[in-house]
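**Q** Protein chains in written order, with numbering that gives the first Met the number 0: chain U, 0 to 391; chain Z, 0 to 597; chain W, 0 to 163.
FYI, nobody ran anything at the bench for these hints, they're computed from the structure.
Wrong hints could be hidden among the right ones.
To be verified - Going by beta-carbon spacing under 8 angstroms, a handful of chain Z positions derived as facing chain W: (1) Arg376; (2) Phe502; (3) Val529; (4) Thr537; (5) Glu538; (6) Arg544; (7) Gly545.
For each residue, glycine too, the CB sits at the ideal point set by N, CA and C.
In case you want the letters, here they are:
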Amino acid sequence: MLSFQPDRSQYPQPGPDGRLEVDLETGKYLKLWQGPNHPGITGNMSVELTVCGDEVVEGKTHVGYLHRGFEKLMERRTFIQVFPIVCRVCVPEPDFNEYCYAAAVEELAGIEVPEMATWMRTLILEMGRFNSYMMFLGGISGSLGLGLVGQWMTYVRDLMLDRFEELTGARIYHMFILPGGVRGHLPEGFAARMEEVLQTAEKYLADVDRVMFSNSVFRLRTEGVGVIDPALFERFGVTGPNARAGGVVKDVRKDSPYLVYDQLDFIPASGKDSDIFTRVKVRRADIDNSIGLIRQILEKMPKSGPVMARLPNVLHWKIPRGETYIKGECSRGEYGYYMVTDGSGYPRRINVRGPSYTHAMALLEHLIPGTNISDVAALMVSLHTYPPEIER
Amino acid sequence: MSLREVLTPFTAWKHVLDAPVTIPDPIGREAAERYRGFHQNDMETCIGCGTCEAICQNGAIDMVPVEGQVTEKGDSGLRPMIDYGRCCWCALCVDVCMTGSLTMSNEYTWVDTDPDAFRFIPGLEEPWKDKEAGYRREGGRELSGTKRSHMGELAPALRGDNFSEICAGFTREEAILEADRCVECGLCVATCPAHMSIPDYIAAVRDQDYDRGLQLLYETNPFSEVCGRICTHKCETSCAALHEGDPIAIRWLKRHIIDNVPMERRLELVGGAKPANGHRVAIVGAGPGGLTAAYDLAREGCAVTVFEALAAPGGMMRYGIPEYRLPYDALDRDVAVIQAMGVEIRCNMRVGRDIALDDLKRDHDAVILAIGLQMGRGTRIPGSEGPGVEKAVDLLRRITAGEDVPVPERVVVIGGGNVAFDIARSMARLQKATHGTVGVTLTALEDRAHFLADAEELIEGAEEGVEIIDKRGPQEVMRDASGAVTGLRSWAVTSIFDDQGRFAPAYDQADERVHEGAMVIEAIGQMADVSLLGAELTEALDWNRGRIAIDAGFRTSEPWLFAVGDAVKGPDVINAVADGHRVAQSVMERVSLQEGIS
Amino acid sequence: MSEANKAKLSNKASVREIFETATEFERVAHAFYSALIPNVSKNIRWLVEELAEEELEHVELFTKLSQDPGVEAVMSAEIARPVADGRFSDCVHTPDLGIDPDDQAVLQYALMRESAAMDQYTELAESTPPGPLKDAFMFLANEETKHKAELEKIYYEIVHSGGV
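Whenever a hint applies, use it, and build me the whole structure from the sequences.
**A** Take a look at the structure:
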């Protein structure tokens, strides 16, 4: 439901190739760049908007501002040397890269990971998901002018970073999940300190519910906006909360369980309106899932046991010819590593499948036309976009 | 839209009076116990192996010389310098460290106006040098193997009465596993007297490229088959892996390469000699030093003749080392490659008896003495003259030559070195085959911890029934009225060296024992038989405390005469090989010089 | 039994007597090693040369002492005859090491001499009244001890060579 109804007869007509023929000379249209340096953009990308009045006629996504060539760098590093760089592919939720890479190496090299390590990995991934959602909530509220939630969530995220720090030895790039297992056990008293954090988080999240979901402004700006046409789900490989908010209940943790998810109880959150509001709601419910999962893991995981498998000498580790695709459910959807080995000491090819690639680069272009300029930022954030994973 | 949804957001105002959650001054906030902060390095434990440098994917680590750190056996003397402009604190360097010297403190703030300060050598004077908290790898070294690969051996019961080779050598699977453990630091290369390309040939095993491996071996050692079995493998005592685990079985990997290349292929790979250059070189003694020199010189195109006093070439490798350690055919293959280079070995030609040294001098451009230490030393204690007392080297030589040696039911060996064990274990085998039982008592001055013999000799000797008694000083060989040996009388040794480490044996005369035996074998030391030189040359030559004086190039004071091997330097095969190469080089320099003059 | 031998059996001796035996001991040793030098093979000549040189220094020390009036004053004093004296005096007679003796034989003889001299001088230093002579004996005792240790090291290196 848009409050503003433009005169669409004024719009340019698509040419034979389906693209709009915009004649800027007419003065009817304006090119407007949102990003790459813009608070409404979740990182280093930009959207080139063509507007007519307040309404966006066309939006083209531009990436390349953050290209670091990780996939190529990986091909020039030994299997162990790839380990420290994969986390950098996605800054806010780096652990999925560590897990997917390690699991791919383990599968191709035939290494069995100790049970303790699989529990630790699951814990790390849920902690990472929690933190990723903390950033999301801050982002989506901020893009609608509600800065307060961002401040609260930054604090809660920081408490979780403290837990990351004591568990992994680092706050952002944890470099904790390496091929063969993980680097260490839980520190003494970790579960109790984690519980404190979760309870603090729950307190703040209750406040978030009040200021966001019980907020008429937030509802007006997000309900019915940025609806994804069901036909686009399949076409653009939409996964994760974006799909679940449209009634497509997909969750890799349930559909093809990895690590210890088959031993954990949770119901993936879903909705059906597929608008910004529903997507945020689904994520909010998923945070509760993560909190519950962290509690379950800490309760059910073994209390002792090895965390590392025997590795061959990593300095000249060669992995037989093979290929594999390892996937997992990250906070944005399906995250995956496709890896090809050729029997040498280096990966022949690694392709990182980050969900932001399809969601924010391709799908976004189809969602933008017809929206108000001021909604573009919220629309993009609602897809939960992390530009670093677009540019690997 | 209800009124509730307009008002509810205002509940956020309740936080207005909350205390701020931010830390006002974050500087000095202590990081977590296992935080990966700035590096620390224990300079004394670090061996400068450079494994940290090898694994660093950022290229942030350089191995650099550091004042106060000396290059010595098993320590390159270099230490890691870390560039914090590159480091990503992944701690792989800590995980891979071979000694556990490299760790990380939990310190994470460092302010400096000099950008170069952030390229630093941990372990010198950084403020967090001794900080306890920080990242330590959990559970020891895991990124490279710590346990030595299994190798098949003949069980004591199966080897006690025969001279079959004990060690089976690695299978391919075992060898690959063992080769995988090497971190290619190269500390072994510096220790090996011949500086063999150890990490490279181990890599060849990993790659299953035995041709390449063999070529690498022959670059530095024509006695790889021998050394692959009986080398004193000092390389393994400087291996980085020994600090947290077993050293790499370098010797067995060398043997594994040789064992996997058929003889015809070996000859093909080694290739032929250069065209003849017209120079003639005589070498006295076909041991490892002489034959290595012969190999090099022949490959350079010299006509080389080796004069060997005994019936077959090999020197101590054949006549000293028992067959169960080094089968004769293994030695024969190494010698055959050398002969294939055109080296002529004339056996049963004792210089001084069958041919004069002067003749060699006259007919050749240069003569190399490689005569070894063929004469056994005796204790000269009372009763040690006469029948029933033997020198170990003499007996070993006779056993190899196939001569009958007396095998009494009880034998006493004096000495704690490898030669003592060689003869003790050889006699044990002969006793077992002749009498069905073993009766060998080995007595040594040293205590068990300081035996000069390899540790495995003590273990295997005991397994074969040799009674090993340490800390005994021989006093008298006991004889009965007829003069027949009945045993060895000894005193307990209370100390063998004085506080400055000098030999000064002290005995407890009250602790006297008689070790029963009808034969006493002395295995305390050897000397060179220099009688072949003749009085005139002996007088003309320079000497250095009993040995022929040589310079760094193994030249004696006589320009035509060179000397190499145990007789001038010692103490083992690999040293003789290394010196053989050097003397060959000196000889080549001399003959090329002569060429220039004429 | 000769008078000299009888005197040796008594447990007292004059300082002069002891002094003369010691001088003779060192002189004979020097002469013995000096004479041996040309008779051994060149490869072990260094050993005999070192020994002769060592003994010569001791002879020179005694010559100097005999001209010291302080020493002359105590010459007729009686002191306890050292227990090691018999072994020491025997060393005045040089052995026959045969033609061209080897290094081990020379070393064994030298070791035996050094051992006897070390014991003799140690005891003498203890029983001689304070003065230049006591100092000399103490110096010699110390010298011989060091010398013996050095010879034992050489013995180990040479005879126990290549203990492989």
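**Q** Each hint should be assessed against the structure and marked as holding or not.
**A** Verification of the hints:
1. Arg376: holds, 5 angstroms
2. Phe502: Holds - the Cβ of Phe502 of chain Z comes within 8 angstroms of chain W, reaching about 3 angstroms at its closest.
3. Val529: Since the shortest Cβ distance to chain W is 6 angstroms, the answer is holds.
4. Thr537: holds, 5 angstroms
5. Glu538: Hint holds; Glu538 of chain Z Cβ to chain W Cβ min 5 angstroms, cut 8 angstroms.
6. Arg544: holds, 6 angstroms
7. Gly545: holds, 5 angstroms
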